[in-house]
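**Q** Could you slot chain B onto chain A? The hints should help.
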Amino acid sequence: DQQVKQNSPSLSVQEGRISILNCDYTNSMFDYFLWYKKYPAEGPTFLISISSIKDKNEDGRFTVFLNKSAKHLSLHIVPSQPGDSAVYFCAARGDGGATNKLIFGTGTLLAVQP
Amino acid sequence: GAGVSQSPSNKVTEKGKDVELRCDPISGHTALYWYRQSLGQGLEFLIYFQGNSAPDKSGLPSDRFSAERTGGSVSTLTIQRTQQEDSAVYLCASSPQGAGYTIYFGEGSWLTVV
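Top to bottom, those sequences are chains A and B.
Position one of the first sequence corresponds to residue 1 (this note's numbering), numbered consecutively onward.
Position one of the second sequence corresponds to residue 115 (this note's numbering), numbered consecutively onward.
Hint data in this document are derived by calculation from the structure and do not stem from the laboratory.
According to the in silico footprint, chain A covers these stretches of chain B (three or more CB under 8 Å from chain A): (1) 136-150; (2) 161-173.
Capping the alpha-carbon separation at 30 Å, the derived lysine-lysine pairs in BS3-like fashion look like this: (3) K5/A / K68/A; (4) K71/A / K171/B; (5) K171/B / K125/B; (6) K54/A / K68/A; (7) K171/B / K5/A; (8) K54/A / K5/A.
Glycine included, C-beta positions come from ideal geometry on N, C-alpha and C.
Pulled out of the complex, with its shape left as it was, chain B reads as follows:
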């Protein structure tokens, strides 16, 4: 597709379980971001990938959160031992290198931890 694709669109999981969220960026975009939005909150930066550079992980809230980007394209955000406060919409975005600073978001993965 032409846009950023995320899956699953909705996920309900039990507290303590691990979850994986997938992001397929726009073809050719070298930069990939993960943000999350908790209920009533703004967009919280989690992690940023740019080409082959080391990712900026400064926004990950705890060591239960990790992300990978394989082959410079698809990314997976993994949350281990989920907690109720992890419930949020997780948004992936991508941008083309050298094309300014506009980033393009997917529709998000809605995670509910019960």
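Next comes chain A alone, as it looks inside the complex:
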């Protein structure tokens, strides 16, 4: 059972425009959400996070929005740059278990066209 879902396997955006990556989750006990970026042949790197008590967190060109009632979060990148082309993973923590493990989605491949 996939608790964190990224339903779009890929997204193509023009340079300078906004990229919107979406993530849905099923477990209402999740209390913290993160986005990671992964380039080929590298490990994922942390990008931005949000606590469940907030609905928005912004860091430069990156903004994460959380809609708890819809169990949905999104990552906005504006303006998009070619260097943003990577796989983006959504992750959630706090599934009610005893550990701090993160549960990841399947990822969305973002391609920013020059």
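**A** Using the frame of chain A, we list chain B on its own:
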């Protein structure tokens, strides 16, 4: 080094052989995770170590998989009698206790079982 270090970076092994993958977490990080990513899949949680607590092994796919963490630092993931479906990139991550929920990944060990 400053980051999570994994070895080997690449490993090709014959079906049925045992393999060991090593992870050296960031100095001072008490939490250590193993994930894997199979081709076209998301990040699959395998096992989690936190200090001296019993590890969370809930993600290990079979009893051919085991992991140890010696002295609260270096960890070894062992796969016995490897199968072709074990081919994946195995990612180690660590996080500091009490510093929130961001985890930091290594570059991964790419395992190919032929």
